[in-house]
Amino acid sequence: MKTQNSSFPLNAWYAAAYDVEVARSLMPRTICNQKLVLYRQLNGTVAALEDACWHRLMPLSLGHLDGDEVTCGYHGLVYNAQGRCTHMPSQETINPSACVRSYPVIEKHRFVWIWPGDPAKADPALVPDLHWNDDPAWAGDGKMIRVQCDYRLVVDNLMDLTHETFVHGSSIGQRAVAEAPFVATHGDRTATVTRWMDNIDAPPFWAGQIKHALGYEGPVDRWQIIRFEAPCTVTIDVGVAEAGTGAIPPGGNQGDASLSQRQRGVNGFVLNTITPETDGTCLYFWAFARNYCLGEQALTHKLREGVANIFREDELVLEAQQKAIDERPDYAFYNLGIDAGSMWARRLIDGLVAREQSGKAAASGVIPIRSVA
Amino acid sequence: MKTQNSSFPLNAWYAAAYDVEVARSLMPRTICNQKLVLYRQLNGTVAALEDACWHRLMPLSLGHLDGDEVTCGYHGLVYNAQGRCTHMPSQETINPSACVRSYPVIEKHRFVWIWPGDPAKADPALVPDLHWNDDPAWAGDGKMIRVQCDYRLVVDNLMDLTHETFVHGSSIGQRAVAEAPFVATHGDRTATVTRWMDNIDAPPFWAGQIKHALGYEGPVDRWQIIRFEAPCTVTIDVGVAEAGTGAIPPGGNQGDASLSQRQRGVNGFVLNTITPETDGTCLYFWAFARNYCLGEQALTHKLREGVANIFREDELVLEAQQKAIDERPDYAFYNLGIDAGSMWARRLIDGLVAREQSGKAAASGVIPIRSVA
Amino acid sequence: MKTQNSSFPLNAWYAAAYDVEVARSLMPRTICNQKLVLYRQLNGTVAALEDACWHRLMPLSLGHLDGDEVTCGYHGLVYNAQGRCTHMPSQETINPSACVRSYPVIEKHRFVWIWPGDPAKADPALVPDLHWNDDPAWAGDGKMIRVQCDYRLVVDNLMDLTHETFVHGSSIGQRAVAEAPFVATHGDRTATVTRWMDNIDAPPFWAGQIKHALGYEGPVDRWQIIRFEAPCTVTIDVGVAEAGTGAIPPGGNQGDASLSQRQRGVNGFVLNTITPETDGTCLYFWAFARNYCLGEQALTHKLREGVANIFREDELVLEAQQKAIDERPDYAFYNLGIDAGSMWARRLIDGLVAREQSGKAAASGVIPIRSVA
Numbered sequence: 001m002k003t004q005n006s007s008f009p010l011n012a013w014y015a016a017a018y019d020v021e022v023a024r025s026l027m028p029r030t031i032c033n034q035k036l037v038l039y040r041q042l043n044g045t046v047a048a049l050e051d052a053c054w055h056r057l058m059p060l061s062l063g064h065l066d067g068d069e070v071t072c073g074y075h076g077l078v079y080n081a082q083g084r085c086t087h088m089p090s091q092e093t094i095n096p097s098a099c100v101r102s103y104p105v106i107e108k109h110r111f112v113w114i115w116p117g118d119p120a121k122a123d124p125a126l127v128p129d130l131h132w133n134d135d136p137a138w139a140g141d142g143k144m145i146r147v148q149c150d151y152r153l154v155v156d157n158l159m160d161l162t163h164e165t166f167v168h169g170s171s172i173g174q175r176a177v178a179e180a181p182f183v184a185t186h187g188d189r190t191a192t193v194t195r196w197m198d199n200i201d202a203p204p205f206w207a208g209q210i211k212h213a214l215g216y217e218g219p220v221d222r223w224q225i226i227r228f229e230a231p232c233t234v235t236i237d238v239g240v241a242e243a244g245t246g247a248i249p250p251g252g253n254q255g256d257a258s259l260s261q262r263q264r265g266v267n268g269f270v271l272n273t274i275t276p277e278t279d280g281t282c283l284y285f286w287a288f289a290r291n292y293c294l295g296e297q298a299l300t301h302k303l304r305e306g307v308a309n310i311f312r313e314d315e316l317v318l319e320a321q322q323k324a325i326d327e328r329p330d331y332a333f334y335n336l337g338i339d340a341g342s343m344w345a346r347r348l349i350d351g352l353v354a355r356e357q358s359g360k361a362a363a364s365g366v367i368p369i370r371s372v373a
Numbered sequence: 001m002k003t004q005n006s007s008f009p010l011n012a013w014y015a016a017a018y019d020v021e022v023a024r025s026l027m028p029r030t031i032c033n034q035k036l037v038l039y040r041q042l043n044g045t046v047a048a049l050e051d052a053c054w055h056r057l058m059p060l061s062l063g064h065l066d067g068d069e070v071t072c073g074y075h076g077l078v079y080n081a082q083g084r085c086t087h088m089p090s091q092e093t094i095n096p097s098a099c100v101r102s103y104p105v106i107e108k109h110r111f112v113w114i115w116p117g118d119p120a121k122a123d124p125a126l127v128p129d130l131h132w133n134d135d136p137a138w139a140g141d142g143k144m145i146r147v148q149c150d151y152r153l154v155v156d157n158l159m160d161l162t163h164e165t166f167v168h169g170s171s172i173g174q175r176a177v178a179e180a181p182f183v184a185t186h187g188d189r190t191a192t193v194t195r196w197m198d199n200i201d202a203p204p205f206w207a208g209q210i211k212h213a214l215g216y217e218g219p220v221d222r223w224q225i226i227r228f229e230a231p232c233t234v235t236i237d238v239g240v241a242e243a244g245t246g247a248i249p250p251g252g253n254q255g256d257a258s259l260s261q262r263q264r265g266v267n268g269f270v271l272n273t274i275t276p277e278t279d280g281t282c283l284y285f286w287a288f289a290r291n292y293c294l295g296e297q298a299l300t301h302k303l304r305e306g307v308a309n310i311f312r313e314d315e316l317v318l319e320a321q322q323k324a325i326d327e328r329p330d331y332a333f334y335n336l337g338i339d340a341g342s343m344w345a346r347r348l349i350d351g352l353v354a355r356e357q358s359g360k361a362a363a364s365g366v367i368p369i370r371s372v373a
Numbered sequence: 001m002k003t004q005n006s007s008f009p010l011n012a013w014y015a016a017a018y019d020v021e022v023a024r025s026l027m028p029r030t031i032c033n034q035k036l037v038l039y040r041q042l043n044g045t046v047a048a049l050e051d052a053c054w055h056r057l058m059p060l061s062l063g064h065l066d067g068d069e070v071t072c073g074y075h076g077l078v079y080n081a082q083g084r085c086t087h088m089p090s091q092e093t094i095n096p097s098a099c100v101r102s103y104p105v106i107e108k109h110r111f112v113w114i115w116p117g118d119p120a121k122a123d124p125a126l127v128p129d130l131h132w133n134d135d136p137a138w139a140g141d142g143k144m145i146r147v148q149c150d151y152r153l154v155v156d157n158l159m160d161l162t163h164e165t166f167v168h169g170s171s172i173g174q175r176a177v178a179e180a181p182f183v184a185t186h187g188d189r190t191a192t193v194t195r196w197m198d199n200i201d202a203p204p205f206w207a208g209q210i211k212h213a214l215g216y217e218g219p220v221d222r223w224q225i226i227r228f229e230a231p232c233t234v235t236i237d238v239g240v241a242e243a244g245t246g247a248i249p250p251g252g253n254q255g256d257a258s259l260s261q262r263q264r265g266v267n268g269f270v271l272n273t274i275t276p277e278t279d280g281t282c283l284y285f286w287a288f289a290r291n292y293c294l295g296e297q298a299l300t301h302k303l304r305e306g307v308a309n310i311f312r313e314d315e316l317v318l319e320a321q322q323k324a325i326d327e328r329p330d331y332a333f334y335n336l337g338i339d340a341g342s343m344w345a346r347r348l349i350d351g352l353v354a355r356e357q358s359g360k361a362a363a364s365g366v367i368p369i370r371s372v373a
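Just so you know, the protein sequences line up as chains A, B and C, in that order.
Read in order, the letters of the first sequence correspond to residues 1 to 373 in UniProt numbering.
Read in order, the letters of the second sequence correspond to residues 1 to 373 in UniProt numbering.
Read in order, the letters of the third sequence correspond to residues 1 to 373 in UniProt numbering.
The following block holds chain A by itself, in its conformation from the complex (with noise of 0.2 Å):
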C-alpha cells in the first residue's frame, strides 16, 4: 500500500464511519490507503484490526466474528481484538510474528475517529470538534458518501462558497454569495473565512426554513462562518435573520457572534470531515444541525436528504474536475481573490505533510509554501 508522498498527514484522527455504521459484524473500510476491517466488541467498544490475515493475506473482514476475535474465512487462524493471534490450525505453538495491526480508536461526536499513524502520538484532545452533531441543543443527521477525487478538492469547495451560486442554483446559491466580500483569516491549524450579506432575499432554502421557524417572510441578514481545521475538518456556522436584527453584533465582531445573539434568525451547521480513502478518493462524512424546531423529527429527515441533494451536486463537480486534474498533471493553476481561504488550508495542510515527511517535530514553526492544487 502507497503511503509515502501521500498529500495527507498519517499522524491525525480520521473519521472511519458513522456510529451506526459499526455493529457486531466485520466491516472492511479502507482510510489513507490503508485497508481495515472495523467491529463493535461486546462491551460496545469498536476495534480496527489491519484487514489482511499474516499468513495469506486473506481480507479478515471476509471472515467471522466470535466474540470480540475474528476468525479467518481462509484457513482458520484466529486473533483479538489487539491483533495478536490466539489460534492456529493443527498446531499448537503460535509463531510469536503472528499479529496484524490494531489501530487507536476513539468514538466521538457520532463519528468513529482512527489514527493511521505513529499510536504513541494519538491524542484524544486531538479529534476535531463537532459536538453540534450530538448536543441536545442541536438537531441534525447526515451521510457519508464515497467522492472519486482526492480529498482536497473537497476542501477546496467548502472555502469558497461563491460555487453556490453556480452549482446550488437551486437552493442556496444566489448572487449576493459571489458577490459580497468576505474576509479570510488563519491560526496555525485553523484557517476561516467570513462573509455577510446584510438586506439581501434569502434563497429558496433560507426562505423555507425562516418561515417554517419563525413565520417570517421579508429581507434577511446572511451568514456564512467557514472554519477549517486542518488535515480535513470544516465546520460551517450558517443562517439568516431578519434584516437588520442581532444577527450582526453591536460591536461588529461578526464571526464571534454567539446563539443569542441570533434570536430572530435561523442558524445551522454544516459539519464536515473528509477522509482520504486512497490518494485519489475520499470518504465525506457531512451532517447539518439546526438550533430551531429541534422535536420535529419529520425536518431532520427532509433536510438531511434535502441537504444530500446538494452534495450530490458538488460530486458531480468534484469528480468532473479530479478527472480533468489527472488528465493534465502540470498544470499551473491561478488563485483568484476567492481562493484565499482554501489557499490557506492548502498551506495548513501541505506544512503537516511536509513536517511529518521530513521527521521534524510538529512544533516546527515555518509553513512552507506551495503553489496550490
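Worth flagging that the hints you see were computed from the coordinates, not collected in a lab.
Take the hints with a grain of salt, since some may be wrong.
Any copy will do: because identical chains look the same in the list, a pair fits if it lies in one copy or spans two.
Derived pair list, reagent style DSS-like, types lysine-lysine, alpha-carbon separation capped at 30 Å [what the hints assert, rightly or not]:
#, residue 1, residue 2
1, K143, K302
2, K323, K302
3, K143, K211
4, K35, K211
5, K323, K211
6, K121, K302
7, K108, K211
8, K121, K211
9, K108, K323
10, K35, K323
11, K35, K143
12, K302, K35
13, K121, K35
Put chains B and C on the given structure of chain A with help from the hints.
For chains B and C alone, coordinates are given in the frame of chain A:
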C-alpha cells in the same frame, strides 16, 4: 494531454461533428487528444473552445451557455466565443492571462471542421471535398460512430475493399471483389485504388438498387474508385450498370468515368472522414449519397440504416484488430498485393506527421517510407 | 504476449478444454498467455492454431471454418490445420512465410491437452493421469471455471484441506480436518498429503453419501489423499467408511489403501487440473468421480452441482487473496505446518520453471528451494 509522437498531424481540418449535432447547448468532444466544447452562437456559427476552465480545469461543457458566452459551472468565470474571460466572481479586475484556447471552425458539406494545430495555418481551402453530402444532384445521409481503434485502421479498411467478400458477405461482398484486378496510383496528398468487375452478378445490395431505380435485372459492370486524401478522408465512387453499357468509358480511362457515361447504372458515393479522438479511438463520420431516386425519403432512411449495419460489421473487425495489435506491439507486419492502397495512404500520413514533428516546411519533397502498421 | 519470467513452465501438457467444448466451430481460448483457436476436424481430432492471422493479426476465431481449414474473417487468408496458409486474396503466389503456429494436441480422459512449449518435447506419456474421468468403474462429471488468480493459489488451496473447515463449513468442512495430523511426502514431480480421521462423525456431505450408497449411519473413518503432479494437476482420493472397517489397511500403510479394502465405504476422486490462462488468471478444470451408485444419472448431476457450489466458495477466497497479494507485492509470507504440501508443490513448480528458463535439461537433479508465494 498527449500530443507528441501521435500518429496524426495537427495541422489539418478534422470533422468534429455533424452539423445537426451542434445546437444551442454545450457539447463536449475530443479531437486529436484535445478536449473541446462546441456550441452554436446566436448568429448560427459554431464556436469551439478548450473544455477546461482556466481557473480549476472544470469542464466548461458542464457549465451554462448564455448568449454567446459560456459560464463555468463551478465558480462562474465567463468566457466569450474567442475564449477570453469576461467575468470573474467577487472581483473587479480580470487576470489578463485568463483565457481558454479557441479553435478555428468551418462548417462545410454538413460537417463541422476543427483545426487543432497552428491557427495561422488553418487554410479554408484545405477542407476535404465532400460536396456530395449537400449537393442537390445527390441524396443521402450518414452517421457518426465512435470506434475503439487507431483511425489509420479505418483508413486501411477502406483502401482495400477485398474485405467486403469476407466481412460483408450478405450485402456488398462477393468473390469477384477479392478476385478482380485493381490499379493503385497516388499523388502528393492522395492515393487512389480503382477496381472494375465486368459482367458479373450484382451482390444483394446492388441488385436491389439497380432493380429499384431502373427496373433492371441481369449481369452488371461494377466499379469501386477509392480516393484517399491525407490525413483521413476517403471517398468511394461505387455502383453498377447494365453489363457492357457506358459504365466503362470508350477510351478505357475508367477512373475518369463521368456521371453521364453511367446513365444505365446506379451510382453512389461512400463518404468517410475519420477523426482521431485519442491515440486509440476515433470518430468515424460517414455518409452514403446516391444519384438516383433523389426524392425518395424512405430510400434515404433505408440506405442509411442498411449502410450502418454494414459498418457495424467493420467496427467488430477493427476493434478486434486493434486489441490484437495492442497485445503484440512488436509484430512485424507483412503486406500483400491488396495492401497497395493502404500502404500509400500510410506513407502520405507518415510524411505529414514526420514533416510536422521535424518542423520542416510542408513543401518538403521527400516522403519517408516506413513499414505499414 | 508475455511469456518470460512467468510462473509456469511452457513444456507441459495443459488442459485447454473439456472434450464437449470443442466442436465444429472456432473456439478461442488463452493458455499460458497464448491466444489459441480450437476446432474439431472432420475426422474428429482437435486442431489448435495461434489465434491471429499472419497478415493483420485478426483473430482467426472470428473467421469461418470450412472443412478442416480456417478462413480469416477480414481479408480471407485460408489456413490448414497445420497452420500453413493455403490461399490469399487477389494473388496467385503465397508468401512462404505465411503461417500461424499450430500446437500439439492430445485428447485424453475427457480433456483436450495442449503443449504450449517446444513441440519436439511434447511426449504423450507426460499427460497427467486423470483416468477416473472416463473409467467405467467410476461415474462422475465436472466443470471448468475461470478464476481471477495465479494458478498456484488454486494448487495451494488444494494441497491444504484444513481450509474446508472455514470455507466449506456447511458441506465437507469439520473441525476434525483442521485438527487431524497429516503426512506430507514428495517425489521428483509429485507431492502427496495424506490425512486420516478415525472414528469421527461424517460431515453433512459424506453422511449423505454413505447413507445413500450403503444405508449406513454412524461414525466413520474419513480419508483425504492429495496427490500433486507438477505443474498443475491435483487428484484427491476422498471418502468415508464404517469406523474401524477396512478403510485403513492392516499394515497401516494408509496411502496405499486399495479399493477392495474400502468396500464398507464410499470413495470419490476429486480431479483438478488448473491451467494458467494469463499470469493473473487461470482455467480451473475439475471433476468428481465416485465408485458407488454408478448408474444413477441424477446423482451424477446432483453431485456436479453440489461440488460446483463448494468450488464457488473457493473462488471467492482465491480472488480476494489474489487482490490482496497484488496490493502488497513485497509481503514476506510465513508458512505454517499446514503449508507443507503446498510448499513442496511450489518447489516442484519453481524447479520446472527455473530449469526451463535457464535452458538446462529437465533431468537436472537439484531442485532450487524458494520461499513460498
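Consistency of the hints with the structure:
no.: 1; hint: K143 to K302; in the structure: within (13 Å within a copy, 46 Å between copies)
no.: 2; hint: K323 to K302; in the structure: neither (32 Å within a copy, 40 Å between copies)
no.: 3; hint: K143 to K211; in the structure: within (26 Å within a copy, 54 Å between copies)
no.: 4; hint: K35 to K211; in the structure: neither (47 Å within a copy, 46 Å between copies)
no.: 5; hint: K323 to K211; in the structure: neither (41 Å within a copy, 54 Å between copies)
no.: 6; hint: K121 to K302; in the structure: neither (40 Å within a copy, 58 Å between copies)
no.: 7; hint: K108 to K211; in the structure: neither (33 Å within a copy, 57 Å between copies)
no.: 8; hint: K121 to K211; in the structure: neither (48 Å within a copy, 62 Å between copies)
no.: 9; hint: K108 to K323; in the structure: neither (34 Å within a copy, 33 Å between copies)
no.: 10; hint: K35 to K323; in the structure: both (24 Å within a copy, 12 Å between copies)
no.: 11; hint: K35 to K143; in the structure: within (21 Å within a copy, 34 Å between copies)
no.: 12; hint: K302 to K35; in the structure: neither (34 Å within a copy, 39 Å between copies)
no.: 13; hint: K121 to K35; in the structure: within (20 Å within a copy, 47 Å between copies)
The structure shown violates the earlier hints numbered 2, 4, 5, 6, 7, 8, 9 and 12.
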